[in-house]
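Now for the letters of each chain:
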Amino acid sequence: MRRKIPLTIAFVFGIVMIIQFFIPHPVSRDFYQTMLDWRIIVIAFTYILAVSSLIRIHINKVRRKKTGWGFSYVTLISLTVTAVVGVIGGCFQPTQITTWLIEHFNWQIEQRTVLMVIFTYIQIPMGATMFSLLAFFIASAAFRAFKARNLTAIILLLTAFVVMLGRVPIGELITKRLPEVLQLQNIVEWILNYPNMAAQRGILMGVGLGMMATALKIILGIERGYLGGGD
Amino acid sequence: MGFWEKVMRLDRRWVFFLIALAVLIPFLKPLRLPISVTKPVKDIFDEVEKVPPEGPPLLIGTDYAPSTAPELDPMLYALLRHCFATKRRVMLVALYPQGAGMAQAGLDNVLPEFPEVKSGMDYVFLGYQPGIGSVILQMGEEIRRVFPTDAYGVSLDSLPMMEYIHNYDDIAFMMDLSGSSVPMLWVMYAGARYEQRIGVGTTAVSAAQYYPFLNTGQFKGMLGGLKGAAEYEKLIKKKGYTEARKVATIGMDAQSIAHLVILFLIIIGNIAFFASKSHRKKTKLTSG
Amino acid sequence: MNVLLALLFLMQQTPNSLPSDTTEVIEVVRPAPPTDVIAMDTPNDVGGSVSVQWEISEDDGKGLNNVILYNVFRGQSEEGPFDYIGTVGAGRTSYDDQTVEKDKVTYYYILKAQTKEAVESEASNVASGKAAPQWFHHGRWNILILGILFALFFAFYIRMAKGKKLFIRKIAGLDAVEEAVGRSTEMGKPVLFCPGIGYLYDIATIAALTILGRVAKKTAEYETRIIMPNYDPVVMSAAQEIVKQSYTEAGRPDNFNEKDIFYLTQDQFGFAAGVDGIMLREKPGAIFLQGVFYAESLILAETGHSVGAIQIAGTDRVTQLPFFISACDYTLIGEEMFAASSYLSRDPVMLGSIKGSDASKVVIISVILIGAILGILGGLNIGPFGTWFQSLVNWFGRG
Amino acid sequence: MKERKGLIIGSVILLIIFIGMLIKGEPSKSILVWIAALLTLFIYSFLYRDNIFYKFAEHLFVGVSVGYGISVYWQNAFIRKVFDPLFITKTYIVDGQFHLWPLLAIVIPTLMGLLMLSIFTKKQAWLIRIPIAFVVGMSAGISVPSTFQAYIFEHTKNTLYITLSISSFIMIVGVITTLVYFFFSKEHKGLLGKTANIGIWFIMIAFGASFGYTVMARISLLIGRMNFLLYDWLGVIK
Numbered sequence: 001m002r003r004k005i006p007l008t009i010a011f012v013f014g015i016v017m018i019i020q021f022f023i024p025h026p027v028s029r030d031f032y033q034t035m036l037d038w039r040i041i042v043i044a045f046t047y048i049l050a051v052s053s054l055i056r057i058h059i060n061k062v063r064r065k066k067t068g069w070g071f072s073y074v075t076l077i078s079l080t081v082t083a084v085v086g087v088i089g090g091c092f093q094p095t096q097i098t099t100w101l102i103e104h105f106n107w108q109i110e111q112r113t114v115l116m117v118i119f120t121y122i123q124i125p126m127g128a129t130m131f132s133l134l135a136f137f138i139a140s141a142a143f144r145a146f147k148a149r150n151l152t153a154i155i156l157l158l159t160a161f162v163v164m165l166g167r168v169p170i171g172e173l174i175t176k177r178l179p180e181v182l183q184l185q186n187i188v189e190w191i192l193n194y195p196n197m198a199a200q201r202g203i204l205m206g207v208g209l210g211m212m213a214t215a216l217k218i219i220l221g222i223e224r225g226y227l228g229g230g231d
Numbered sequence: 001m002g003f004w005e006k007v008m009r010l011d012r013r014w015v016f017f018l019i020a021l022a023v024l025i026p027f028l029k030p031l032r033l034p035i036s037v038t039k040p041v042k043d044i045f046d047e048v049e050k051v052p053p054e055g056p057p058l059l060i061g062t063d064y065a066p067s068t069a070p071e072l073d074p075m076l077y078a079l080l081r082h083c084f085a086t087k088r089r090v091m092l093v094a095l096y097p098q099g100a101g102m103a104q105a106g107l108d109n110v111l112p113e114f115p116e117v118k119s120g121m122d123y124v125f126l127g128y129q130p131g132i133g134s135v136i137l138q139m140g141e142e143i144r145r146v147f148p149t150d151a152y153g154v155s156l157d158s159l160p161m162m163e164y165i166h167n168y169d170d171i172a173f174m175m176d177l178s179g180s181s182v183p184m185l186w187v188m189y190a191g192a193r194y195e196q197r198i199g200v201g202t203t204a205v206s207a208a209q210y211y212p213f214l215n216t217g218q219f220k221g222m223l224g225g226l227k228g229a230a231e232y233e234k235l236i237k238k239k240g241y242t243e244a245r246k247v248a249t250i251g252m253d254a255q256s257i258a259h260l261v262i263l264f265l266i267i268i269g270n271i272a273f274f275a276s277k278s279h280r281k282k283t284k285l286t287s288g
Numbered sequence: 001m002n003v004l005l006a007l008l009f010l011m012q013q014t015p016n017s018l019p020s021d022t023t024e025v026i027e028v029v030r031p032a033p034p035t036d037v038i039a040m041d042t043p044n045d046v047g048g049s050v051s052v053q054w055e056i057s058e059d060d061g062k063g064l065n066n067v068i069l070y071n072v073f074r075g076q077s078e079e080g081p082f083d084y085i086g087t088v089g090a091g092r093t094s095y096d097d098q099t100v101e102k103d104k105v106t107y108y109y110i111l112k113a114q115t116k117e118a119v120e121s122e123a124s125n126v127a128s129g130k131a132a133p134q135w136f137h138h139g140r141w142n143i144l145i146l147g148i149l150f151a152l153f154f155a156f157y158i159r160m161a162k163g164k165k166l167f168i169r170k171i172a173g174l175d176a177v178e179e180a181v182g183r184s185t186e187m188g189k190p191v192l193f194c195p196g197i198g199y200l201y202d203i204a205t206i207a208a209l210t211i212l213g214r215v216a217k218k219t220a221e222y223e224t225r226i227i228m229p230n231y232d233p234v235v236m237s238a239a240q241e242i243v244k245q246s247y248t249e250a251g252r253p254d255n256f257n258e259k260d261i262f263y264l265t266q267d268q269f270g271f272a273a274g275v276d277g278i279m280l281r282e283k284p285g286a287i288f289l290q291g292v293f294y295a296e297s298l299i300l301a302e303t304g305h306s307v308g309a310i311q312i313a314g315t316d317r318v319t320q321l322p323f324f325i326s327a328c329d330y331t332l333i334g335e336e337m338f339a340a341s342s343y344l345s346r347d348p349v350m351l352g353s354i355k356g357s358d359a360s361k362v363v364i365i366s367v368i369l370i371g372a373i374l375g376i377l378g379g380l381n382i383g384p385f386g387t388w389f390q391s392l393v394n395w396f397g398r399g
Numbered sequence: 001m002k003e004r005k006g007l008i009i010g011s012v013i014l015l016i017i018f019i020g021m022l023i024k025g026e027p028s029k030s031i032l033v034w035i036a037a038l039l040t041l042f043i044y045s046f047l048y049r050d051n052i053f054y055k056f057a058e059h060l061f062v063g064v065s066v067g068y069g070i071s072v073y074w075q076n077a078f079i080r081k082v083f084d085p086l087f088i089t090k091t092y093i094v095d096g097q098f099h100l101w102p103l104l105a106i107v108i109p110t111l112m113g114l115l116m117l118s119i120f121t122k123k124q125a126w127l128i129r130i131p132i133a134f135v136v137g138m139s140a141g142i143s144v145p146s147t148f149q150a151y152i153f154e155h156t157k158n159t160l161y162i163t164l165s166i167s168s169f170i171m172i173v174g175v176i177t178t179l180v181y182f183f184f185s186k187e188h189k190g191l192l193g194k195t196a197n198i199g200i201w202f203i204m205i206a207f208g209a210s211f212g213y214t215v216m217a218r219i220s221l222l223i224g225r226m227n228f229l230l231y232d233w234l235g236v237i238k
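Chains as they are written, first to last, in this note's numbering: chain A, 1 to 231; chain B, 1 to 288; chain C, 1 to 399; chain D, 1 to 238.
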């Protein structure tokens, strides 16, 4: 029962969605629309799980005074403030409260809501900076890990070399005098368009087959890993 | 310990320092290296030129987060400037929760240059909806189904620009800006199901991955990374559409130098690796 | 005086004194209208749509070259009136009118070309058409046929596989699972399993969970601790059940510790930083990076490398594979990861699906080879091969 | 001790450069830009070593991004898809007539979503499998034909656009050998093994290209931040 019901649900919806692909009739289309709406709603609920797990972890840290528990306050407070500001004050368009505040205190908000101000001046810069840290790590990884140990590694390294050089103006300058076919940016374009793409196609076809096989196994109830173990 | 072994054990913070310098110096002292326009970028530019002024709009998907914004923001700015300067209409949609913020930030940045451009008349910002694949598919039937209102809560039916816009048939071209796999979903659903013409603006990382789809025509063109954005800036500047500061173009000098530094690091790393290996062998021979 | 002047002015403006043709004076150059307009039901749709097609105007891209768009109008009768319904850019030769209110009712269409100066051409000929829904998408026959063929391969081999032992080639890294867990045990270190930042409906994540089941069984047998930080709470709850099951199967349900499979955060870099911290503190002997990975792959693999763990990675994300390959001991590339999940489950039915996928590959390779041969022969203008090649390409190009 | 000395000297140098830039440039007058810039610097401090500034920024980042997510889900999924149609626009009442199906179309997915919360109970936790099975099952159903079309059909089709050229030849060899590498039912020996080996070369070229691109992307991001610090914040460049 605990297995049968979910497996049946997966089977029925899986099969119906496959058949739907080939039927353009309104009946099938309307059903399809409704299903997509359902998925949007159900997925939204998983976010509740994520948030509650996060909050629990940080509350635990604070309670047990684990190392760095003080920082958990930072997370909890910033989370609460942002969520409250967003829910009460509005996401993209201001709610009445925000409009009232803006008129009353003569605020100048370019982004329309307080949430967007937080987003623009806290989240955007921090997110981008986090990612840009990778530039430094990549340099150090290139220095330490990219060694021409064997033939395959040499092929990888050489291609990376040519691509890195050919995709910037300086690479174009180096080979400016050569005939067009031998100019670096054209070589890179060729590598990307032929050998690279050939391999990409091969890999993608493989991945596609693997995904299709797994999806079929899910629908047929052979692959049950996602339901967890147990009865 | 030989010299090369010392190099191998170099504190990585020196490497960090070198990279920081490589990026910083070209900013303060620009080299102004020339930029040549590649075909995928020209293709996008031509597609946007084909969008009829004051007719069916260009749909821009801002499906990226702050983490990839430095690469994709310049593309958004350039596309918006291109359209606004030539009276082409724009629709913006976000399928990434943070994408809505990115689109709004982009508009805030560009709109002051075009005081005559009005929301609902010349552009519509649809906002964000969760459920990427579902949203794309539903937009193929009726945009109002997923987006009854625009991001500012105004009903789409009351927007003059939306009068004749219902689904992909009324959209001239679609440009998805994303560093994730969202463009693939656009191709799989909007492209395969509804034959929407789609172009992609993506990070340099994902660019390599999208080349196969470029050749198949599933993407009509591509802006790849900062370089792609710089090429696009060059194209719209050449046409005289905008005099705005070319964010991506300035960055390309720094990019060149940083690449050279990394190539240099790989070479040094390999020399050190092989030198210390042969050195070790030699010491083994003499001691044994 | 003024009155007189006004009177004179009025007299001068009598219709008789106007030039016989005003339009000539203003000199509006109208573009030529589009021609040969036809309208028909849009194929393979839900109904409610009529496709209008036409030949471009003489002045579109040639002639006066001033046409920038076409306006489409619709009416209820042949004589009109015609209402504006939409616009497409110059150079286009078709428009799908999706605003048809009733199926199986005839509508009438005309087109006008328009210039940049907003000058419209004369109306084109009138075309009529009806909308109707279809029950089957005829453009998708080719997909249906090949899709059914491939699905049959899967079904056939899965059926064949029941109760038989099928051969699967060695997948580098799979045999290392045992070695990795064993070495961790010897060193008295835990095993770390990281499912990446995918959700439960990502197929790569599901494959990773199957691999997890197998790894957990090994750790249960060796009585080694397994740690698993999670990005998605739903994946976490599924993983807990799977590991619990593996421990029960291995006969050591008491050794299962639910708290070792925990939620970290649904933020990419928060997650990467968190896993990094765990690697540095716990110093695992073996690290499995399996599932969906984005930019954090480099950070994770680098840190794992620095703590000296055996690392076995696998993902279907092509962009992240180079980093795994250079920093990990073994990497499952693309489909290898899906195959690995089937292989590790040791379930003959699962192995059957690998065979099915291989059979599909044989078909794809044959099609490409035949296409290549036909293409070359056709390119050299030998016999009918050129046309055969064209029809093969066209068959794939439908829909 | 030596490190501390270096740290102090380094900080003093950086401070002098910073003050110099403040004087020379046109620093931003917006306090928000200053906050963004300081947070950026907090995160970069991690490059030297983990420290409290970085930890603060990291925790703030997690909190803010989750809070933002809550707001967006609240507005776009809950208010728009459930609350509004249920209580405000009442899509299930058309012309004063009550219709069951439109109501169920809102209620059923909401109930299914609520089953997600069964995870918090010990006994009924299995109920979470129902929404999971729905999402996974229907996603699998949608993905079978779509994957087939986008991953397999399109790529086969486009490999077939063959011309008489070396490039075209390389394309075909590359696709076939790569596919052969992913062939699992036979041992990779003899001809098969050799073909698979060529496949590996092609795969490595693809990975090399992808690596090159990744380097490019990360540097681009760094450039973006530099642009922000030097142009938007300090205003030392034009």
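Just so you know, the hints here were simulated from the structure itself, not pulled from any lab data. Some hints could be false.
[Stated by the list, open to error] Derived CB-CB ranges, DEER-like: (1) R9/B with R4/D: 20 to 26 Å; (2) I154/A with G20/D: 42 to 48 Å; (3) L104/D with K165/C: 34 to 40 Å.
Where is the CB? At the ideal position from N, CA and C, for every residue including glycine.
Okay, the hints, checked on the actual structure:
About 22 Å separates the C-beta atoms of R9/B and R4/D, a value consistent with the hinted range of 20 to 26 Å. The given range of 42 to 48 Å is respected by I154/A and G20/D, whose C-beta atoms sit roughly 46 Å from each other. The beta-carbon spacing between L104/D and K165/C, approximately 49 Å, falls outside the hinted interval of 34 to 40 Å.
Of the numbered hints listed earlier, the single one contradicted by the structure is hint 3.
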